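Chemist: Each chain, letter by letter, is given below.
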Amino acid sequence: MAKALKIDLEKCVGCRTCEMVCSAKHTNTINPYRSCIKVVREKEWEGVPMTCAQCEDPQCGAVCPVKAITRDDKMGIVRIDFDKCIGCRMCVAACPFGAMNFDAVVKKVSKCDLCEGDPECAKFCFYRALTYVDESELATDKRRAAAKKLSDTVRKPAETAAAAK
Amino acid sequence: MSGWSGRILRVDLSAKTYTTELTAPYTQYIGGRGISTKILYDEVGPDVKPYDPENRLIIGPGVLTGTPAPTSSRTTITTLLPNGTIGSSGFGGFIGAEIRHAGYDNIIVQEKAEYPVYLYLHDDTVEFRDAAKIWGKDTIETPELIRKELGDPDVQVLCIGPAGENMVSFACVRTGVQAASGRGGTGAVMGSKNLKAIAVRGKRGIEISNIGEFLKVANQTGKMLLDHQSLQSPAAKMSKLAVDLNDSPNDRGVAVFGNWEQVDWEEIGAANFARGGEEYYDKHYHARVGCNGCPIFRCYRICDDPETGLGTAKCYSQPMFTFRVWNRDWTVMEAAGHLCNNYGLDVLSTANIIAFLMELYHRGIITEKDTDGVPMKRGDKDAIMSTIHKIARQEGYGRLFRDGVLAGARLIGRGSEQYAMTVKGQEVGLHEFRGRKGTALVLAAGTKRGGGEYPHPESIWAIKKVNKEACDPRTYEHKGEVVLESTYVYMIVDMLGICKNYFAWAFNRSLEFPAKLFSLATGVETSVEDLITAAKKVQLLERAFDVSRGIRRKDDTLPDRFFDTPVPGGPLKGDTLERDKFAKLLSEYYELCGWDEEGIPKKETFTKYGLASDWETLAKRLPKEGAARG
Numbered sequence: 186m187a188k189a190l191k192i193d194l195e196k197c198v199g200c201r202t203c204e205m206v207c208s209a210k211h212t213n214t215i216n217p218y219r220s221c222i223k224v225v226r227e228k229e230w231e232g233v234p235m236t237c238a239q240c241e242d243p244q245c246g247a248v249c250p251v252k253a254i255t256r257d258d259k260m261g262i263v264r265i266d267f268d269k270c271i272g273c274r275m276c277v278a279a280c281p282f283g284a285m286n287f288d289a290v291v292k293k294v295s296k297c298d299l300c301e302g303d304p305e306c307a308k309f310c311f312y313r314a315l316t317y318v319d320e321s322e323l324a325t326d327k328r329r330a331a332a333k334k335l336s337d338t339v340r341k342p343a344e345t346a347a348a349a350k
Numbered sequence: 004m005s006g007w008s009g010r011i012l013r014v015d016l017s018a019k020t021y022t023t024e025l026t027a028p029y030t031q032y033i034g035g036r037g038i039s040t041k042i043l044y045d046e047v048g049p050d051v052k053p054y055d056p057e058n059r060l061i062i063g064p065g066v067l068t069g070t071p072a073p074t075s076s077r078t079t080i081t082t083l084l085p086n087g088t089i090g091s092s093g094f095g096g097f098i099g100a101e102i103r104h105a106g107y108d109n110i111i112v113q114e115k116a117e118y119p120v121y122l123y124l125h126d127d128t129v130e131f132r133d134a135a136k137i138w139g140k141d142t143i144e145t146p147e148l149i150r151k152e153l154g155d156p157d158v159q160v161l162c163i164g165p166a167g168e169n170m171v172s173f174a175c176v177r178t179g180v181q182a183a184s185g186r187g188g189t190g191a192v193m194g195s196k197n198l199k200a201i202a203v204r205g206k207r208g209i210e211i212s213n214i215g216e217f218l219k220v221a222n223q224t225g226k227m228l229l230d231h232q233s234l235q236s237p238a239a240k241m242s243k244l245a246v247d248l249n250d251s252p253n254d255r256g257v258a259v260f261g262n263w264e265q266v267d268w269e270e271i272g273a274a275n276f277a278r279g280g281e282e283y284y285d286k287h288y289h290a291r292v293g294c295n296g297c298p299i300f301r302c303y304r305i306c307d308d309p310e311t312g313l314g315t316a317k318c319y320s321q322p323m324f325t326f327r328v329w330n331r332d333w334t335v336m337e338a339a340g341h342l343c344n345n346y347g348l349d350v351l352s353t354a355n356i357i358a359f360l361m362e363l364y365h366r367g368i369i370t371e372k373d374t375d376g377v378p379m380k381r382g383d384k385d386a387i388m389s390t391i392h393k394i395a396r397q398e399g400y401g402r403l404f405r406d407g408v409l410a411g412a413r414l415i416g417r418g419s420e421q422y423a424m425t426v427k428g429q430e431v432g433l434h435e436f437r438g439r440k441g442t443a444l445v446l447a448a449g450t451k452r453g454g455g456e457y458p459h460p461e462s463i464w465a466i467k468k469v470n471k472e473a474c475d476p477r478t479y480e481h482k483g484e485v486v487l488e489s490t491y492v493y494m495i496v497d498m499l500g501i502c503k504n505y506f507a508w509a510f511n512r513s514l515e516f517p518a519k520l521f522s523l524a525t526g527v528e529t530s531v532e533d534l535i536t537a538a539k540k541v542q543l544l545e546r547a548f549d550v551s552r553g554i555r556r557k558d559d560t561l562p563d564r565f566f567d568t569p570v571p572g573g574p575l576k577g578d579t580l581e582r583d584k585f586a587k588l589l590s591e592y593y594e595l596c597g598w599d600e601e602g603i604p605k606k607e608t609f610t611k612y613g614l615a616s617d618w619e620t621l622a623k624r625l626p627k628e629g630a631a632r633g
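Top to bottom, those sequences are chains X and P.
In terms of our numbering, the first sequence opens at residue 186 and continues consecutively.
In terms of our numbering, the second sequence opens at residue 4 and continues consecutively.
What the hints contain is simulated information worked out from the structure, not anything from laboratory work.
Computed from a prediction, not measured in an experiment: that's the story for all the values here.
Treat the hints loosely; a few may be bogus.
As a list, the in silico DSSO-like pairs of lysine-lysine whose alpha-carbon atoms are at most 30 Å apart [said to hold, decoys possible]:
1) P:K206 / X:K228
2) X:K228 / P:K151
3) P:K557 / P:K539
With the sequences and hints as input, model every part of the structure.
Modeler: Right under this line is the structure:
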């Protein structure tokens, strides 16, 4: 089954390590400016890592006039075929998340390719805000946290009441 | 070049020009503080005064700063400090990485702008921008206003507050909500140049020689850090728990009450002096913030203080604005810490002055008439807050202390000089130096100003269990060796741009991993010994700089109080520094450093490290003496 990059906003502290390692992997230089993942920071202590969602029905692919963008459903990766890409940047305009970048150094669009199944950012995210998980597990942690909250509200008062009797 | 950016930026504020120079001739000094020191040594002669346009403000991110090497966010500012000595003051945050990503190793700022300006570094250019609108703003507002003006929220900003603008001799340079180049008065030098801020946006990036291996080792290092036992508890990672002051500094005998005053620890309730942190954080905790690329828990706690708004009172604020100023109220501590940060004042020097005023008031040397009607009662909130406001704004009695506590004492007179606790004209921070001989030696003769920089040199050996006697902070045995070893290690840390906590917690202060990462980044195979040799060269140049400005053995000492009155209480009770033993220790240290009995580096020490031309520079400068303050 395909895996996906899970982003847990509450855990992101905005340390920007993901940007550094992403650019290292993709451009061979450490340059957050050219990174595929970007940590948008409203405040210095609040980060929102923004990267390609690897959409099932990618808008970038839909607008591409030469059909250079396709999705590999087995791996869950939306890829760009640079042999076909004409550099028109329609995909940059179409992406609803601003996750399609234009790399001004190599004059090509760039986006997250999940490091072809071994994302460097997830390996380096020591805060576990970025993890690489099975697609079906994306909501598991959230569900468990909600379940615990529910259980605490419903069961705990009942137990306390029982103990009082 | 790999590892290094290869370029050093030189900005002339008067001519409004900038040039870039090659880093290559300086690589024997590794980077950051090392390269900055060599440049300052070459370019600032003994005739230059701290606030002269000819003084240089050199910003030096380390070689690993801005890379994924864990904790590598550090930067230093090296300059001729207001007290007349060289100083390198370090800080974290995000600006160092941004400077490296902009493609610079070091930034030299020289001359003086005609009117207040700020620099905007982007796309290989430097803009000199009018700072009229932000002059007078505090260090929290300034970056926000600059980002708004430039229309780029990703710009990182290094700035001074009103204290730096007013050239208060212990003003700091700040970046972000959390970090400060605190000790020494770098902010005053920046203010003297009419330079309000430096804004940076980096797009150039850093080349790494062996990127694959570098990432592998960096990742492994990060994991080692997180597995370390000191970081295991969930509380250590993200919690809002307060450091319990009473359980750590007090028990270890680090706590200093007031101005190192003679007090009965039982009577003042020393064991239970400053509680109340947890209650405060329950109410006002906002978030934690840390530095670029750091996997360790975020070191700074942001609180939404009812009086001063969002801010951080970092580790030193806690002892300085509690024990040192007799304050038991956590709310006052936080507010005072925030206020100092906002104004851009060094917390340690400011609290030193407040403690000094409180001692004078307590002794009846001054009354409220001397301090604009505010009685300097021990622990009094108004006394603390009004002193901070007045110093930063240079109003009323705050003007007495523009050049520090000793200058203030001289203006007050009435024999108050003896209560001004300074070393080479700079306010002593905290720590109980009397019971800690190694720490006392660092403060007296070390080249990095502050005394808070490496407070426990013994710990470097305590871990390795080399020698029991040497590890006991209370003895004089082997303290010269211990101090030197820790000096070199911390100097290398500054040259590479990694955080000291990295060593304290994870690697038992071993330099193996940093050396490996440095080698992989630069492609220059470098051993731990090579790094230590570089540190020795830098230490030599720092000392030669000070010596060229008249610093001698007589200046490598501590306030008389540390020799004459013993520690009043706590685990180190009764300890004191003995003059003859301390003098012997100083000689031992000079000998190990390769300096003569007066503390002047010997010619053969220079030649041993291939620095003969630097000796010639020193020899030419030597006859001129007495430039240092204090």
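Chemist: Taken at face value, is the distance from the CA of P:K539 to the CA of P:K557 at most 30 Å?
Modeler: 23 Å, holds
Chemist: X:K228 and P:K151 were given as a pair; does the straight-line alpha-carbon distance stay at or below 30 Å?
Modeler: OK: X:K228 and P:K151 at ~14 Å, within 30 Å.
Chemist: Take a quick look at whether P:K206 and X:K228 sit within 30 Å of each other, Cα to Cα.
Modeler: Roughly 21 Å separates the two Cα atoms, so the pair holds.
The structure agrees with every numbered hint stated previously.
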